[in-house]
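**Student:** Going down the list, the protein sequences come from chains S and E. At position 347 of the first sequence (counting the first as 1) the number is 347 in our numbering, and the numbers step up by one without a gap. Count along the second sequence from 1, add 1000, and you get the number used in our numbering.
Source of the hints: derived by calculation from the structure; they are not laboratory data. Remember, it's a predicted structure, so these values are computed and weren't measured experimentally. For every residue, glycine included, the Cβ atom is placed at its ideal position computed from N, Cα and C. Some clues are possibly wrong.
Pair by pair, the computed Cβ-Cβ distance ranges are [claimed, not checked]: (1) E/Lys1145 to S/Glu146: 30 to 36 Å; (2) E/Ser1194 to S/Ser308: 55 to 61 Å; (3) E/Ala1228 to S/Leu415: 53 to 59 Å; (4) E/Ser1042 to S/Asp360: 43 to 49 Å; (5) S/Leu133 to E/Gln1153: 48 to 54 Å; (6) E/Ala1228 to S/Glu419: 52 to 58 Å; (7) S/Glu4 to E/Ala1228: 54 to 60 Å; (8) E/Ser1142 to S/Leu133: 51 to 57 Å; (9) S/Thr357 to E/Lys1145: 51 to 57 Å; (10) S/Asn269 to E/Lys1234: 33 to 39 Å; (11) S/Asp217 to E/Lys1234: 27 to 33 Å; (12) E/Asn1101 to S/Leu415: 43 to 49 Å; (13) S/Asp360 to E/Thr1037: 55 to 61 Å.
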Amino acid sequence: MITERMNLLRKMVEIFFLSFTLFLINLLFPGNYGFFDATINPYFFTALLTAAYYGRLFGYLNLGFSIIFIMIPIYTDLNLIVYWQFLWELASIQISIILIIIYLLGMIHNSFVLQIKNQRLYMKKVSLDKNRLQKELSTVSAVNRELEERVLRQQDSVTALYTQVKAMHSQNLSKTLSALISTVQKFSWAEKASIWKYEKESKKLVMVANVGWDSDDVLNTIESIDSTINGWVYRNDRIFSVRMLLEYENLSQMDNKRNILTFPITLSNTIWGVLNIEAMPFAKYNLYTEKLLAILIDLAGAAIERASEYEALIEYNEVNPVTNLPSVSQFFTFIGNEIRKSSENQSIFSVILLELTEFDELIEEHGEKRIYKILLLMLDKLHSLSGNTIDFFHYKEKNQIAIYYPNIDYDGASLFCLESLGVINSYKWTINDNRVVLDVILGYSSVGSEDISSDDLLNLAENLLDMQKV
Amino acid sequence: MDDYDYFRAKKNRFQPKTPIAALKAYKAGFLPISVFTYKSGSTKPLDEKPYDIEGIERLLSRENLGLETNIVLIEIFEDLIFSEDQEIALFAAESINIIENRYNSKIEKLKLNSEKIESTKVSSKLGRLFFELAMLNNERDSIKKFFLRESYQYFSDIRKSRKLSPEELNTLIRILIELKLYKNAEDILEKEKSELSVEYLFQRAELLFRMGQYAESRNTCYQIQNLADILTDKQQMIIDYWLGI
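Okay, chain S solo, but in the shape it has when bound (with noise of 0.2 Å):
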């Protein structure tokens, strides 16, 4: 407020001075008193520039003192109100154009200020929005940054779950449930976690694979189905939570402090084992971490019945002692099954021959331990490239692998082919540092709509690997 005074008695004593500034130079000039000879009178030519600079009332303002110095008779000897009556004659007109001129001027000048104080305010927003939107974005990138830390740090999550699970795939029984005891360990922070295996013989359960366990654990690994909690989720295919046991008797009779979630495992509508967690954190004792494991273990059960079913049919004295993949014969037996599965279910698989060519040179200059060793690791790439869902043979030749690959038709079987390529051609294969150059040729048939014996089916595979040798 007192700013706006300060500038308005500023301006009001810039006119005066202004004014009084032309009237001492019009003193200079006593033939032409009040300027009206000229052509354009600096009197009210200054009073239009004021109404335009700062405004209407400025601009009268203006016009008053300067009609009050012209007023003043100093080169003259008439009567006051004569003088005054001369001049008001002399320019009256241009007195009253003058006026009209201000007032337009005036108008103009008030509508400018107006349109630049909107602009003002407009651009005062865009400022403020700008701030509050720059504040707003860094809040966004911190809050970000720590979402997606929380993000990269979670261990539970639905794509960790995803990967788990494919990696409990094997044709290896232990691996297979050592995945799933560690995946159980990573969704439930289980300190202690077990998986019990019914054996029909004996009629007991086994511990098969733990976690956490210390060397007192390790004295009971076998359990009657009769008077344990493990047993009884076995006879009654129910999950048990160790809050039940306030309310079953019968269960607080059998509890040995050694279970606080109990899961069966079932594989194709028969009870296969149970699995177990002995110790594990309060706050993820809840109904979220027991659904969760539940699903787990569902989705688990497939992999443990191939594994299962894989070792079944593998009789291990027919394991070559230093891939400790399975022979030829036993290749021929599992593909024979598929096949017959296959008319039965409708499914579908295929199977890839992969030879690595100049075999004997590369043993005679490496020898075989180490030429098999890179194979094996080849193969580990190929099977972490297949989702971990392809099972590994030895063919009719030393330097021949036969690749089973459920659930994949003939596209499915090329395109594989391709990326296998594509993944052997571009690792570096080293022996002790040196480089190794392997050159793998693929050959594949599949098992589809239509039934295909197993000789023709590999014959298809063996003719594909010929026609690349010619």
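With chain S's structure known, arrange chain E on it following the hints.
**Tutor:** Same frame as chain S, but now just chain E:
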């Protein structure tokens, strides 16, 4: 132009690797906001194999990482140490050193300060840092226990001069749980509690649960239910489960 145009014209456009980069690209007008949304929702957890070494490196470069993130990183590096690729194995070993050195330098700095000022605040920070170091050494039991005892010592010293704050008490209870000294934890909890708070009751329920006293643990959950007006989702989940709601 729809949200998926970015993917259709992907080859000709800037491809951010992280949500932060996508956000910056959006801010600069290079990319639509949908890319940021996609990147934010597609972030791969760090411990998923095959490991995203670039992502791990990027996260490691942030100085002030929290305990949870450091634990995940250490777990990954301990796995990567056995990598066939020697460069990656070396990177993993160096990265473990980086994380531990960050803690060590903080501890050294605080110890220097504690010589100048006899403050329980410094002891509290030192106790917490030793606890975090113990958690990072989860796989090495003897080292873990050593750090836990160091941490316990600092909190015991604080207890001689004043009552523990809720955060300090929580850390001390965690230390004793890690050392499996549940009875000691229960005694300290009883002595140090300032009021019948939800936090105290949860700690008590956890200790009873650890000691296999499930009936008492459930009774404590009843107490929590009666006492608390508002519980977090996680807390409510635990209570509901115990009370069979």
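**Student:** Now tell me, hint by hint, if it's right for this structure.
**Tutor:** We went through each hint and held it up to the structure:
1. Taking 30 to 36 Å as the suggested C-beta distance range, the pair E/Lys1145 and S/Glu146 conforms, at roughly 32 Å.
2. Taking the beta carbon of each, E/Ser1194 and S/Ser308 are about 56 Å apart, inside 55 to 61 Å as hinted.
3. Here the CB-CB span from E/Ala1228 to S/Leu415 is close to 56 Å, well matched to the stated 53 to 59 Å.
4. A beta carbon spacing of about 48 Å between E/Ser1042 and S/Asp360 agrees with the range 43 to 49 Å that was offered as a hint.
5. Separation of S/Leu133 from E/Gln1153 is about 50 Å and conforms to the stated range, judged on CB atoms against 48 to 54 Å.
6. Look at E/Ala1228 against S/Glu419: about 55 Å separates their beta carbons, and that is inside 52 to 58 Å.
7. As the Cβ distance of S/Glu4 to E/Ala1228 is approximately 58 Å, the hint placing it in 54 to 60 Å holds.
8. Between E/Ser1142 and S/Leu133 the beta carbon distance is about 54 Å. The supplied range of 51 to 57 Å therefore holds.
9. At about 56 Å, the beta-carbon gap between S/Thr357 and E/Lys1145 stays in the expected band of 51 to 57 Å.
10. For S/Asn269 and E/Lys1234, the hinted distance range of 33 to 39 Å is satisfied, since their beta carbons lie about 36 Å from each other.
11. With their beta carbons about 30 Å apart, S/Asp217 and E/Lys1234 fall inside the hinted range of 27 to 33 Å.
12. Remark: the range hint 43 to 49 Å for E/Asn1101 to S/Leu415 is upheld by a beta-carbon distance near 47 Å.
13. Distance hint check for S/Asp360 and E/Thr1037: the Cβ-Cβ separation is about 56 Å, which falls inside the suggested range of 55 to 61 Å.
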